[in-house]
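Each chain, letter by letter, is given below.
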Amino acid sequence: MTMLLAILLVLGSAMHARAAEPDQLARGKYVFGATGGCGCHTEPKGVLNAGGRKYDGPFGTVYSSNITPDPKAGIGSWTDEQIITAIRLGRRPNGERILPVHPFTSFNGMAEDDLAALVKFLRSVPPASKAAPAKKITIPMFESVFLPAWLMTFASKETPPSAAPVSGVARGEYLVRAVGHCGECHTPRSALTMAVDSSRFLAGNTKKTGPEGQATPNLTPDKGTGLDWNEEQIVTYLQTGNRPDGDVAGGLMGEVIQGTAAGYKDLTKADLQAIARYLKSIPAVKNKIE
Amino acid sequence: MIRGTTIHLSILMLGLVAAMVSACTTGSAPRMVGTGDVVYDRQRLMKIQGAQWNEIQAKFKAGDIKGLAANAEVEAVTSMQIPSLFPEGSLTTQSKAKPEVWERWGEFEATAKNMTIWSERLRDAAQANDQKAVADIMKDYGRVTCGACHTTFRQPQTQR
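Sequence order for the protein chains is A and B.
Sequence positions in the first sequence follow the working numbering and run 1 to 290.
Sequence positions in the second sequence follow the working numbering and run 1001 to 1160.
Since the hints were made in silico from the structure, they are not lab data.
Note that the Cβ used here is the ideal one computed from N, Cα and C, for glycine as well.
There's no promise every hint is true.
If you want the footprint, here are the derived chain A segments under chain B, 3+ residues with CB under 8 Å [claimed, not checked]:
1. 211-225
2. 232-242
3. 251-264
This is chain A alone, in the form it adopts within the complex (with noise of 0.2 Å):
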């Protein structure tokens, strides 16, 4: 009788273990919408994830990482674990330094939870077996010396939480800056080694210093520079691009409103309220961008 009722336990907890996958694939997908669907791992009307795209800097091109499950040319190969390292500490599986264009010094802020659940779902789209091109670094040593003492000395970090936020204020600080890394974009850099400026968090680049040449807008809700919109305004603008002038998002921002296989407009409701009130909540900067 106890044997049976130890198979039981064993079949029945198997069963569920099968039955909270689904549950944890959605979660994967949510937290992947909430990173703006690491779009630049696909190119625009291009395979999911495939990688591919191209970035230019100051130190040469690089082009995004092939994320698909496939073996040789994504990270089908690699374990869980390593993937996660990838993502939160940008370090490839064999030790060498993933450039921090991919944003890792704000993931290192998310929530192991989180990060085992956008696992599970990187692991579900269909692989790709193209490769992204080599990058093209024109700098000398720039990976042996120059990155690791760049990074020793400007990359702040977030800290990560025993578990994600759930609602709240600190939910949308959580979501804004981690998940989000709205401040990679937003938050001002020295025109000169390119370090994020943590003490004016997301007061807006000019296009000198802003992703891809653009320039960002100051979101710290200082008047005349800053956001001046309210909290009902920015959640409508997250969800559909739409802004309160009648205009409609674009640029890498419309992009990450609308995601690859998910984006910011797939947050919940509460949650863009919680990124909306956390955005309200940070001090004001004055910066004005043209």
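Got chain A; can you put chain B on it based on the hints?
For chain B alone, kept in the frame of chain A given last:
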């Protein structure tokens, strides 16, 4: 006989002249419209479209479903004008357009056409007072019409 031929020739000539005048005034060559500053004109058109979209959203919120059909019609008609407002060589310093407009002209035209299609669908659903259909269209309208074009073909907005 000669007189008859002359009359026929005169009629033919008159016809030709009339045809030429007609071609010059109403024929295949497009008539000049607008202010002559095509960048200014297209920015005006986009502002009108933005205002219509704002009004559509306000009317939807207020439950005036039939009322937004007129605004959707304006969106449909104005979107048809978009390609003609982007002639080659009109990428001036005042323009927020990206070179991709002309590099990927077919895609640009298709995006404008898509806006017409979506606007007409919205108009028809609104005229039928079909609240659910209108809501379904409006959920994606901004992103797939204006947003699709702005993402690929316009420099991002920096002012909030």
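When the structure is checked against the list of hints, which entries are broken? Sort them ascending.
When the structure is compared with the hints, none of them turns out to be violated.
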